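S.K.: If you read the protein sequences in the order shown, they are chains A and B.
Position 52, counted from 1, in the first sequence is what our numbering calls 58; the numbers after and before it change by one each time, with no gaps.
Position 270, counted from 1, in the second sequence is what our numbering calls 318; the numbers after and before it change by one each time, with no gaps.
Watch out, some of these pointers could steer you wrong.
Restricting the straight-line Cα-Cα distance to at most 16 Å, the calculated cross-link-like pairs of lysine to aspartate or glutamate (EDC-like) are [claimed, not checked]:
id, chain 1, residue 1, chain 2, residue 2
1, B, Lys235, B, Asp195
2, A, Lys105, B, Asp195
3, A, Lys97, A, Glu68
4, A, Lys97, B, Asp195
5, A, Lys105, B, Asp231
6, A, Lys97, A, Asp71
7, A, Lys97, A, Glu119
8, B, Lys269, A, Glu103
9, B, Lys269, A, Asp35
No wet-lab data here; the hints were simulated from the structure.
Please read these numbers as outputs of a predicted model, since none were measured by experiment.
Each chain is listed here by its residues.
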Amino acid sequence: MTHRVSGFLLACFLVIGTGGVAWAHAFLDHAAPPVGSTLAAPPPVIRIWFTQDIEPAFSGIEVTDSAGARVDDGTPRVDDRDRTLLIVGLKNLPPGEYKVHWHVISVDTHATEGNFTFRVGP
Amino acid sequence: MNRPIQGLAALTAAALAALAAHEALAHGFAGDRFFPATILTDDPFVADEMSLPTVTFNPPGADGTHETDAEFDIAKRLTHDLGITFSDQWESIRQPGGLPTLHGTGGITTGVQYQLFINAPHEAMALVGFQQNWAHTGSVQALGAPDYTTLSPVFDWGKGMGDLPESLPWLRPFAITGNFSYDFPLKTTSYGPNGAVLHPNNFNYGIAIEYSLEYLQHHVKDVGLSAPFDRLIPVIEMAMTTPMNRGQGGQTTGTVQPGLIWAGQYYEISAEAIIPVNSLSGHGYGGLVQLHFFLDDIFPATFGRPVFGN
């Protein structure tokens with residue numbers, strides 16, 4: 007049985023091994039401001055680092071206040087020198103809680119998304 | 049045994065050859081939530097994944113035997129929502145009293161799964177499936193592998209707690225997955241050296257309770273966890289089987305399995321203890337380890353995509 011299973015696996019990998027390149031889903035690695043943090047002063051931008059390179063055309067960040075109004079500048083961009091870094095500028099934020107929604111497609115077309123919050127003020 | 053595996057290999061090779069450049073989709077995601085592959089509880093999502101191996105050191109049997117199993121299983125998406133599964137295992141039974149150790153294979157199990165829904169905002173998902181454990185595909189005489197086929201409709205579900213209020217941040221990393229299935233053996237009685245053995249209909253049910261440190265760190269609050277600790281998921285699994293008839297009604301067996309999962313980009317490593325829930329289920333303790341591969345991430349352009357469509 008061991009030889010038969012080995013043969014089956016070998017057959018699979020001989021076929022699939024010809025075109026596969028090892029990339030993967032892009033997970034959030036860390037963010038600035040940090041996930042769930044409270045800041046004394048409003049941040050000028052949101053920076054999110056991912057575990058994989060991401061596609062600029064299909065990746066973005068939206069930031070909303072507690073009323074659901076957009077407070078980002080609407081122009082998210084991938085850093086030229088670090089393709090794992092997604093950045094969006096923010097308007098001047100008054101004290102309150104803000105929700106960050108990110109969605110990215112890694113360079114091998116895997117899609118992931120996520121949310122986190124941060125607070126400005128005491 | 050040889051012929052079914054050769055046939056499956058040929059079918060798989062043919063399917064792989066037909067792969068086209070389709071959009072790759074996620075494994076085990078519902079919105080923010082990543083559901084890891086659990087060992088005892090069937091996963092509530094269709095996927096391109098493979099466990100090789102799952103090594104189980106079973107609790108000692110009532111007769112003093114020690115069984116060790118090495119299992120292989122693979123799941124493959126045919127379409128975005130439809131998948132197939134295949135598993136088999138090699139078994140070694142060490143007998144007391146100087147009797148020889150027995151080796152062989154268990155019966156082959158195959159399945160078809162359909163993803164009912166994935167609800168991203170509520171981190172919920174469910175699938176229905178149909179599983180078949182095939183007769184005469186294992187070591188029937190040596191190890192008591194089934195000489196009858198069993199058909200089992202299954203229902204698997206999962207729910208993350210990320211939609212709890214922000215005021216409960218420490219509860220939001222919790223998730224629960226569960227499954228229900230019902231066995232229909234196609235033969236009610238087998239005859240062996242010890243006489244007739246009846247095969248009842250069984251009701252199978254189980255849950256896995258997970259606490260995702262990945263979810264805590266990346267979706268709730270940055271608590272300063274870094275690799276590898278930000279990918280750990282403590283879990284406790286429970287699975288029970290209750291025969292419904294043929295003289296065995298109500299004789300429930302099962303195990304409780306606390307453990308730890310580490311889920312990386314391409315593979316997952318799990319280890320669990322095995323605690324029998326009663327004397328019918330075993331004596332003492334056991335344990336298991338599993339190495340699990342995310343084929344959609346390892347082979348995103350080929351085997352990791354659905355065979356048909358996006």
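S.K.: The structure should be examined with respect to each hint, and the outcome stated for every one.
M.R.: Hints, verified against the model:
The suggested pairing of Lys235(B) with Asp195(B) holds, with an alpha-carbon distance near 9 Å, which does not exceed 16 Å. Among the hinted pairs, Lys105(A) with Asp195(B) is inconsistent with the structure: their alpha-carbon atoms are about 58 Å apart, more than 16 Å. The straight-line distance between the Cα atoms of Lys97(A) and Glu68(A) is roughly 12 Å, inside the 16 Å bound, and the hint therefore holds. Restraint check: the Cα-Cα separation between Lys97(A) and Asp195(B) comes to about 70 Å, which exceeds 16 Å; the hinted pair is violated.
With a C-alpha separation of about 47 Å, the suggested pair Lys105(A) and Asp231(B) falls outside the 16 Å cut-off, and the hint is violated. Straight-line distance between C-alpha atoms of Lys97(A) and Asp71(A) comes to about 11 Å, which keeps the hinted pair within the 16 Å bound. For the suggested pair Lys97(A) and Glu119(A), the alpha carbons sit about 23 Å apart, so the restraint of at most 16 Å is broken. Taken as a hint, the Lys269(B) and Glu103(A) pair is honoured in the structure, with Cα atoms around 14 Å apart against an allowance of 16 Å.
Note on Lys269(B) and Asp35(A): the hinted pairing holds, with a Cα-Cα distance of about 13 Å set against a maximum of 16 Å.
Violated hints for the displayed structure, listed by number in ascending order: 2, 4, 5 and 7.
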